[in-house]
Amino acid sequence: MYFILLITVLITAIVLVAAAYVIAKLIGPRSYNRVKGEPFECGIPTHGSSWIPVHVGYYLFAILFLMFDVETVFLYPWAVVVKEFGAMALASIGFFLLVLVFGLAYAWRKGALEWK
Amino acid sequence: MFDFSLITTWFDSLLRDTLGLGDFLSILIECVLVGVIILAAYAIIAIVLIFMERKVCAYFQCRLGPMRVGFWGLLQVPADVLKMLIKEIFFVDKADKLLYMIAPFLVLIGSVGAFAFLPWNKGAAVLDFNVGIFLLTAISSIGVVGVFLAGWSSNNKYSLVSAMRGAVQMISYEMSLCLCLISAVVLTGTMQLSGIVEAQGDAFGWLIFKGHIPAIIALVVFLIAGNAEANRGPFDLPEAESELTAGYHTEYSGMGFGYFYLAEYLNLFIIAGVAATVFLGGWMPLHIGVAQVDTVLDYIPGFFWFCGKTFLLVWILLWIKWTYPRLRIDQILKLEWKYLMPLALLNLVLMTVVAALGLHF
Chain A
1 MYFILLITVL ITAIVLVAAA YVIAKLIGPR SYNRVKGEPF ECGIPTHGSS
51 WIPVHVGYYL FAILFLMFDV ETVFLYPWAV VVKEFGAMAL ASIGFFLLVL
101 VFGLAYAWRK GALEWK
Chain B
1 MFDFSLITTW FDSLLRDTLG LGDFLSILIE CVLVGVIILA AYAIIAIVLI
51 FMERKVCAYF QCRLGPMRVG FWGLLQVPAD VLKMLIKEIF FVDKADKLLY
101 MIAPFLVLIG SVGAFAFLPW NKGAAVLDFN VGIFLLTAIS SIGVVGVFLA
151 GWSSNNKYSL VSAMRGAVQM ISYEMSLCLC LISAVVLTGT MQLSGIVEAQ
201 GDAFGWLIFK GHIPAIIALV VFLIAGNAEA NRGPFDLPEA ESELTAGYHT
251 EYSGMGFGYF YLAEYLNLFI IAGVAATVFL GGWMPLHIGV AQVDTVLDYI
301 PGFFWFCGKT FLLVWILLWI KWTYPRLRID QILKLEWKYL MPLALLNLVL
351 MTVVAALGLH F
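Protein chains in written order, with this note's numbering: chain A, 1 to 116; chain B, 1 to 361.
Calculated from the structure, these hints are not laboratory results. All of these numbers come straight from a predicted model, not from anything done at the bench. Hints may be right or wrong, so weigh each one.
[As the list claims (entries may be wrong)] Okay, derived cross-link-like pairs now, BS3-like style, lysine-lysine, Cα gap no bigger than 30 Å in a straight line:
id: 1; chain 1: A; residue 1: K25; chain 2: B; residue 2: K334
id: 2; chain 1: B; residue 1: K87; chain 2: B; residue 2: K55
id: 3; chain 1: A; residue 1: K110; chain 2: B; residue 2: K338
id: 4; chain 1: B; residue 1: K157; chain 2: B; residue 2: K321
id: 5; chain 1: B; residue 1: K55; chain 2: B; residue 2: K94
id: 6; chain 1: B; residue 1: K338; chain 2: B; residue 2: K83
id: 7; chain 1: B; residue 1: K55; chain 2: A; residue 2: K116
id: 8; chain 1: B; residue 1: K87; chain 2: B; residue 2: K157
id: 9; chain 1: A; residue 1: K83; chain 2: B; residue 2: K97
id: 10; chain 1: A; residue 1: K25; chain 2: B; residue 2: K321
id: 11; chain 1: A; residue 1: K25; chain 2: B; residue 2: K157
id: 12; chain 1: A; residue 1: K25; chain 2: A; residue 2: K36
id: 13; chain 1: A; residue 1: K36; chain 2: B; residue 2: K55
id: 14; chain 1: B; residue 1: K83; chain 2: B; residue 2: K94
id: 15; chain 1: B; residue 1: K97; chain 2: B; residue 2: K87
id: 16; chain 1: A; residue 1: K116; chain 2: B; residue 2: K321
id: 17; chain 1: A; residue 1: K116; chain 2: B; residue 2: K338
id: 18; chain 1: B; residue 1: K83; chain 2: B; residue 2: K55
id: 19; chain 1: B; residue 1: K321; chain 2: B; residue 2: K55
id: 20; chain 1: B; residue 1: K321; chain 2: B; residue 2: K338
id: 21; chain 1: A; residue 1: K36; chain 2: B; residue 2: K157
id: 22; chain 1: A; residue 1: K110; chain 2: B; residue 2: K94
id: 23; chain 1: B; residue 1: K334; chain 2: A; residue 2: K36
id: 24; chain 1: B; residue 1: K83; chain 2: B; residue 2: K97
id: 25; chain 1: A; residue 1: K36; chain 2: B; residue 2: K321
id: 26; chain 1: A; residue 1: K36; chain 2: B; residue 2: K87
id: 27; chain 1: A; residue 1: K25; chain 2: B; residue 2: K338
id: 28; chain 1: B; residue 1: K334; chain 2: B; residue 2: K83
id: 29; chain 1: B; residue 1: K157; chain 2: B; residue 2: K55
id: 30; chain 1: B; residue 1: K157; chain 2: A; residue 2: K116
id: 31; chain 1: B; residue 1: K157; chain 2: B; residue 2: K97
Work the whole structure out from these sequences, hints included.
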């Protein structure tokens, strides 16, 4: 039953956006000229292509994110059972976290967390 | 305590038994009804929040805010929505048209999907999975893709910078967000949102009282990270209007822009709602262990408890937004990676020790 509801919610979101597009198409004004098709940016005409290389720092943080996000995914099921398993769960996750903290410390030491 | 599932089971039996509709038809009717209710709630909450933001920011700055349209400016926001709805939707010539179209859909899927998880009352949550919190964070992070695609496909250098900033900021802060939720899961032992609320029912049972120090740290970190996740307050770098025009939604017109705007406010509400559910007991009234007082407090419907707590947190977030100046991108990343995330990790260990040794109330 819940999967039907999940699909309902997703369809609701899609319908919400699609409906607005359709309504705007039906009752909105329509006109076109060359200037209207240009990107606004900051108000003056743009130079060259806009798909330019960007700062590599963003990519570095995305890589770090991958590592730690997978960590949090593993932590969720552990968090549910930690009270039942007690010391055993604590010891095993302690080792897991130690490796990850070591990874973070390494990235920190290497200067991956600095914005250059 | 009023149980909302009485109404839903009654309606289900009405369709199946009294009217004699088949499985397929009754499920179809219920799903359509659920969709309509979600849409109505989403629109109402968005309008209330936008109005609240305008009035609150006006009073913080000793202004009056919208006053002309309707009594005390009450019709200003509906008028704005109506205006946006009848605007033309047009495209930038060189934009990547497909991605440009898809972006608002993704942002709305993330936002509406997360919105459906909020438990408004006992039995009044649309989605109540046993992996609730996990799925909630998973679905709400679809919005990052939408923001990134919107900025990338616009063929606009400012939007591209904004998309990069938005993506790196939202994915970074997602981690301390998750770690704070995990520390709450450690104490309650369940990921189901209704289960988490039920677990906070005893005297002073709200997680923030039950888990004392680690829970308070988790709530504060959660609110800071949530503010950054919703691109608001001092963390509104992706749409820094003084440097990037309007950021990733510069090139959107009409309701295309309107949905980014609505989703931003709804994300604020979702952050506050999840914080209220997980740390402040959601629809659970405050029980103080004296039977008479508890009974009286139980008479206040859970809906009001939930909305009261959520709007209190929304108000605190607005207060933060209108108090602090905007940070730089390196400051934002430094705050997350060097302070908030190690703090959240340490806090998780602390919470585990508290939970394992039974040091909580």
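Hints and how they fare:
1. A C-alpha spacing of about 45 Å is found between K25/A and K334/B, which places the hinted pair above 30 Å, so the restraint is violated.
2. Distance restraint check for K87/B and K55/B: the Cα-Cα separation of roughly 25 Å lies within the 30 Å cut-off, and the hinted pair is therefore satisfied.
3. Using a Cα cut-off of 30 Å, the hinted pair K110/A and K338/B holds, with the two alpha carbons roughly 14 Å apart.
4. The suggested pairing of K157/B with K321/B holds, with an alpha-carbon distance near 27 Å, which does not exceed 30 Å.
5. About 39 Å separates the Cα atoms of K55/B and K94/B, which puts this hinted pair outside 30 Å; it is violated.
6. Between the alpha carbons of K338/B and K83/B the distance comes to roughly 44 Å, so the proposed pair goes past 30 Å and is violated.
7. Proximity of K55/B to K116/A is assessed by CA-CA distance (about 40 Å); at most 30 Å being required, the pair is judged violated.
8. Pair hint K87/B plus K157/B holds up; C-alpha atoms about 25 Å apart against a cutoff of 30 Å.
9. With a C-alpha separation of about 51 Å, the suggested pairing of K83/A with K97/B is violated against the 30 Å cut-off.
10. This hinted pair does not check out: K25/A and K321/B have alpha carbons roughly 36 Å apart, beyond 30 Å.
11. The suggested pairing of K25/A with K157/B holds, with an alpha-carbon distance near 28 Å, which does not exceed 30 Å.
12. Distance restraint check for K25/A and K36/A: the Cα-Cα separation of roughly 17 Å lies within the 30 Å cut-off, and the hinted pair is therefore satisfied.
13. About 34 Å separates the Cα atoms of K36/A and K55/B, which puts this hinted pair outside 30 Å; it is violated.
14. The straight-line distance between the Cα atoms of K83/B and K94/B is roughly 27 Å, inside the 30 Å bound, and the hint therefore holds.
15. Taken as a hint, the K97/B and K87/B pair is honoured in the structure, with Cα atoms around 19 Å apart against an allowance of 30 Å.
16. A threshold of 30 Å between alpha carbons decides the hint, and for K116/A with K321/B the separation of about 28 Å falls inside it, so the pair holds.
17. For the given pair, K116/A sits about 16 Å from K338/B by alpha-carbon distance, which is consistent with the 30 Å threshold.
18. For a cut-off of 30 Å, the pair hint linking K83/B to K55/B stands: about 20 Å separates their Cα positions.
19. Using a Cα cut-off of 30 Å, the hinted pair K321/B and K55/B holds, with the two alpha carbons roughly 14 Å apart.
20. Taken as a hint, the K321/B and K338/B pair is honoured in the structure, with Cα atoms around 22 Å apart against an allowance of 30 Å.
21. With a C-alpha separation of about 17 Å, the suggested pair K36/A and K157/B falls inside the 30 Å cut-off, and the hint holds.
22. Using a Cα cut-off of 30 Å, the hinted pair K110/A and K94/B is violated, with the two alpha carbons roughly 41 Å apart.
23. For the given pair, K334/B sits about 40 Å from K36/A by alpha-carbon distance, which is inconsistent with the 30 Å threshold.
24. A threshold of 30 Å between alpha carbons decides the hint, and for K83/B with K97/B the separation of about 24 Å falls inside it, so the pair holds.
25. With a CA separation close to 34 Å, the supplied pair K36/A and K321/B exceeds the 30 Å bound.
26. Taking the CA atoms of K36/A and K87/B, the gap is about 14 Å. The hint holds against a cut of 30 Å.
27. For the hint linking K25/A to K338/B, the alpha-carbon distance of about 48 Å lies beyond 30 Å, and the restraint is violated.
28. Annotation: proposed proximity of K334/B to K83/B is violated, straight-line Cα distance about 41 Å (limit 30 Å).
29. A distance of roughly 33 Å separates the Cα atoms of K157/B and K55/B; the hinted pair therefore is violated under the 30 Å criterion.
30. Among the hinted pairs, K157/B with K116/A is consistent with the structure: their alpha-carbon atoms are about 20 Å apart, no more than 30 Å.
31. For the suggested pair K157/B and K97/B, the alpha carbons sit about 17 Å apart, so the restraint of at most 30 Å is met.
Hint compliance for this structure: hints 1, 5, 6, 7, 9, 10, 13, 22, 23, 25, 27, 28, 29 are not met, and every other hint is.
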